[in-house]
Every structure is written in C-alpha cells, then in structure tokens.
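Student: Spelled out from the first residue to the last, the chains are:
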Amino acid sequence: MDKVTRLVSENGLVLFSKSSCCLCYALKILFQEVGVTPTVHELDQDPEGREMERALMRLGCNVPVPAVFIGGKLVGSTNEVMSLHLSGGLIPLLRPYQSISN
Amino acid sequence: MDFPSTQFVPSRTMGTYEPIHQIGMWGENFKSIGNANISASVIVDVANKLENESETTSHEMLTPSSKHDQEASKPFDKVQRRLAQNREAARKSRLRKKAYVQQLENSRLKLIQLEQELEHARQQGPYVGGGLEAGLLGISRAVNSGIAAFEMKYERWMEEQNKNMCELRSALNAQISDIELRILVESGMSHYFELFRLKSIVAKADVFYVMSGTWKTSAERFFSWIGGFRPSELLKVLVPQIDPLTDQQIFEVCNLKQSCQQAEDALSQGMEKLQETVSATLASGQMGQGTYVPQVAMAMEKLEALVCFVNQADHLRQETLQQMSYILTTRQSARGLLALGEYTQRLQALSTLWANRPREPA
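Chains as they are written, first to last, in this note's numbering: chain A, 1215 to 1316; chain B, 534 to 895.
It should be emphasised that the hints constitute simulated quantities derived from the structure, not laboratory data. Bear in mind that the values here come from a model prediction, so they are computed numbers and not experimental data. Any given hint could be a false lead.
Below are the DSSO-like pairs computed for lysine-lysine, each with C-alpha atoms no more than 30 Å apart in a straight line [said to hold, decoys possible]: (1) Lys1232(A) to Lys1217(A); (2) Lys643(B) to Lys611(B); (3) Lys806(B) to Lys1217(A); (4) Lys630(B) to Lys643(B); (5) Lys1287(A) to Lys790(B); (6) Lys769(B) to Lys696(B); (7) Lys611(B) to Lys625(B); (8) Lys737(B) to Lys806(B); (9) Lys769(B) to Lys686(B); (10) Lys835(B) to Lys1217(A); (11) Lys1287(A) to Lys1217(A); (12) Lys643(B) to Lys1232(A); (13) Lys1232(A) to Lys1287(A); (14) Lys1287(A) to Lys806(B); (15) Lys1232(A) to Lys696(B); (16) Lys1232(A) to Lys737(B); (17) Lys790(B) to Lys806(B); (18) Lys630(B) to Lys611(B); (19) Lys686(B) to Lys696(B); (20) Lys631(B) to Lys686(B); (21) Lys737(B) to Lys686(B).
Pulled out of the complex, with its shape left as it was, chain A reads as follows (with noise of 0.2 Å):
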C-alpha cells in the first residue's frame, strides 16, 4: 500500500501540503479557524515526498499540494474546500473530528 493511501485510511483529516506552499498555510489557517486540527504532511519533509505527489496526481489531484482527505476520500484542493465551506458542506464532514471546546 503506498504512504499516501495508509495514511489517508490511518487519519480522519489529511492535509497533504509543502512547508513553502503558502495557498497550504491558508487551508491550515482554515482549518484552524473551524476547530480542526488536521493530519499534516509535509511532502518537502518526506523522502518519498517525490512519490507520494506522483501517487497524489494519480488519485485525481491537479496539483499536488495542498490536497484534503476527510474520511479517507478526497475532497480536493483549495477551491474545492473554499466551495465546499461557503455552500455549508464542509463543518458537517469535519463534525466528527473537531475538538471537545466545539
């Protein structure tokens, strides 16, 4: 099983991001700002980083980076994120892992 798919089905909330990649920065701004403190991995941090973009790609992904899984399934980049927020869908997916003071 490639590292991408493990840890999408390990975690309920998975940021994949670049420690330079500031459009990362903001989703986990977002994140913050909703009380979810979601799984990140830093693929410029990973020595299979190069791997796991290409695996990314695969899975449907435009770019690699910043790539959100809730519940093991792809919700997508930013702009899919942002959509899902405004339109109310994205608070109710991350019910489950939002912190107790929520």
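Chain A is fixed; fit chain B onto it per the hints.
Tutor: Relative to the frame of chain A, chain B by itself:
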C-alpha cells in the same frame, strides 16, 4: 588741446559696438523664449535708446577736456547725467525681467501641455501610448497586449454592466413576472462570472496588474482586496437591501457570512505569508553583490503563488455570489444585484468627485 586718439579708440569702438552687443544679448534672450511676442519695433526702439545712450557716453569720453572745463561750473549737469543713467539702467533691468517672466510663462504652458499629452497617452493604455515607456520598463509585448486586450474588454464589460443595472431597475419598478426577472438575474450573475474569467486570463499575463487594480477607479482601488472587492464587504452591502428575510434565510445568510469571513481570513493570512516568504528570500544572503543575484530568481519562484491567490480570491467572490443566489428568492436576488451594481457606481462617482474637488492653490 591734447587729443590722443589711440587712447580713445577703444572706448569709441566700445561706444559704437556696445549697443549692437546689447542688441545681441537681447537677441539671445528672445531666441530662448521661442514664442515671445515682443515685437520687432520694441527691439529697434530699445536698440536706438541704447545707441543714443552709448553715443552720449562716448561723446563724453572723447572730449575729456571739455568735460573737465565744464566740471567746475556745472556739477548739476553731472548729477543729471547720473540720474539719467540710473533711470536707463533701471528701465533696461525692467525689460530684462519682463522678458524672463515671459519665458517662464511659456515654459510653464508647454509643461502643462506635455503633462496632458502624457496623461492622455496613459489612459489610452500601456500598449498604445506607452510603447517606449513600457520598453524601458522591460514589459514584454505579450504582457502589454494582454493588458490592452483586457482594458478594452473591461470597458465593454462596464457598458454592459450599466445596461444590466438599468434593465434591473426598470424591471423591479415595472413588477414583471418572476420568470422574466429570473432571466435578468441569471444574466447579471453570468456577467460577474465573465469578469472573473477575464481577470484570470490577464492574471496569467501580469498578476501585478490585477493586484494593482489599475483598470478601476481610485475609490474602488481603496477597497481592493487581492485584486477585487472583499466578499464579506459584498455581503455587508447586500444584506440590508434585501429585507425582509425568512428565519431560514437569516440562518443561512448568517452561516454564509461566517464561512465567507473565515475563508477570507485564511486567504489574507496566506497572502501575508507569501509576502514574508518573498521578502525573506530577497533579503537572504549577503548584500553588496549587485542586483542580479540568485535570490531574485528564487523569489520569483515564490511569487508564482500570487497567481493562485488572485484566482482563489476571485473564486471566493464567485462562490459568495452563487450561494447568495441560492438562499434568496428571485426578487431578492434582483434587488441584491441592483444594490451591488449601484454601490459600485457610487464608488465610481466618489472617485470622480474626489478628483475634481476644489483644491487650495499650492
């Protein structure tokens, strides 16, 4: 009677050519003035007066003995001559000053004219008027033509937008059917989406152009957020205009406001991070090594993310409009669109008014 001619030739020579020399000086002044309207008769008049003056002086110098003879008996004459010379000098000085002021006035007019031409050329678009300027700034032809194309399309977009506003206004007043109103609402929405599409194209050519908001009026630019209006601002303008709302609508609008604000904050902070990153990259390493260093190329790579941000911001604007149209009824959407359009028109009017406000003289 001693009359050493050699002694007095120089002065005589000086005496005779001095007026010509002075005319020469005047001529220089007139040449640099260009459009000076001092007529030839004045020049001759002045020249004559100068010549008379010098001849009187040289005459005086040629007959020192006679002068000497007269000296003791006519000090009054000497005083009179001195006064006449002073008057003459003062008059010449006034004429010189007048000529200089004339020169300044003409230069000032020329400067104003040049500024207007430059402004006119700038408004025509960077491609048409600023070819040389753009070339000097190193802007490629492709970028220029992308910008020029966008500005043309934006002008047409604006005209269409104003037409849409008029149609909406009369439709709302005329109480047309919901179905007909729906068509107007849909076309109004599509028109905004069209603008976002145009912006994404020009953003690929020159993202800084989109960020600067050059194609918009000054007041619009004042409120600019990542190349356009703030989605949360949009909601603030819209919501008071579409009362009354049902409880369900109030709930949904509230949720939309919150999620919109959160998304906006996330993008804003991402932008800040981008600025920090680019700045840190440019500032890294040693200074004092010139301008074209690797840091600049590295910073450029980081800067490419700016296009993504501009696209995301427009996407957020589009989604906000879209979601509102789902929450509202047709009539409410129509009123909302009209409110948004008119708000923009007011901003544009504010820009014009501000530009033309009476100012205190510098």
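Student: All hints are to be evaluated individually against the structure, with a verdict given for each.
Tutor: Structure-based check of all given hints:
As the CA atoms of Lys1232(A) and Lys1217(A) are separated by approximately 16 Å, the hinted pair is consistent with the 30 Å bound. A threshold of 30 Å between alpha carbons decides the hint, and for Lys643(B) with Lys611(B) the separation of about 48 Å lies outside it, so the pair is violated. Under the criterion of a C-alpha separation no larger than 30 Å, the hint pairing Lys806(B) with Lys1217(A) is consistent with the structure, at around 29 Å. Using a Cα cut-off of 30 Å, the hinted pair Lys630(B) and Lys643(B) holds, with the two alpha carbons roughly 20 Å apart.
Of the supplied pair hints, the one linking Lys1287(A) and Lys790(B) holds, its CA atoms being roughly 27 Å apart against a limit of 30 Å. For the given pair, Lys769(B) sits about 24 Å from Lys696(B) by alpha-carbon distance, which is consistent with the 30 Å threshold. With a C-alpha separation of about 21 Å, the suggested pairing of Lys611(B) with Lys625(B) holds against the 30 Å cut-off. Annotation: proposed proximity of Lys737(B) to Lys806(B) holds, straight-line Cα distance about 21 Å (limit 30 Å).
For the hint pairing Lys769(B) with Lys686(B), the CA-to-CA distance comes to about 29 Å; that is within 30 Å, so the pair holds. With a CA separation close to 27 Å, the supplied pair Lys835(B) and Lys1217(A) stays within the 30 Å bound. Of the pairs offered as hints, the one joining Lys1287(A) and Lys1217(A) holds, with about 15 Å between alpha carbons and a cut-off of 30 Å not exceeded. With a C-alpha separation of about 58 Å, the suggested pair Lys643(B) and Lys1232(A) falls outside the 30 Å cut-off, and the hint is violated.
For the given pair, Lys1232(A) sits about 20 Å from Lys1287(A) by alpha-carbon distance, which is consistent with the 30 Å threshold. Restraint check for Lys1287(A) and Lys806(B): the C-alpha separation of about 29 Å stays at or below 30 Å, so the hint holds. This hinted pair does not check out: Lys1232(A) and Lys696(B) have alpha carbons roughly 46 Å apart, beyond 30 Å. For the given pair, Lys1232(A) sits about 23 Å from Lys737(B) by alpha-carbon distance, which is consistent with the 30 Å threshold.
Restraint check: the Cα-Cα separation between Lys790(B) and Lys806(B) comes to about 24 Å, which is no more than 30 Å; the hinted pair holds. For the hint pairing Lys630(B) with Lys611(B), the CA-to-CA distance comes to about 28 Å; that is within 30 Å, so the pair holds. The hinted pair formed by Lys686(B) and Lys696(B) meets the criterion: a straight-line CA distance of about 15 Å does not exceed 30 Å. About 52 Å separates the Cα atoms of Lys631(B) and Lys686(B), which puts this hinted pair outside 30 Å; it is violated.
Taken as a hint, the Lys737(B) and Lys686(B) pair is honoured in the structure, with Cα atoms around 16 Å apart against an allowance of 30 Å.
Violated hints, listed in ascending order, are 2, 12, 15 and 20; each of the other numbered hints is respected by the structure.
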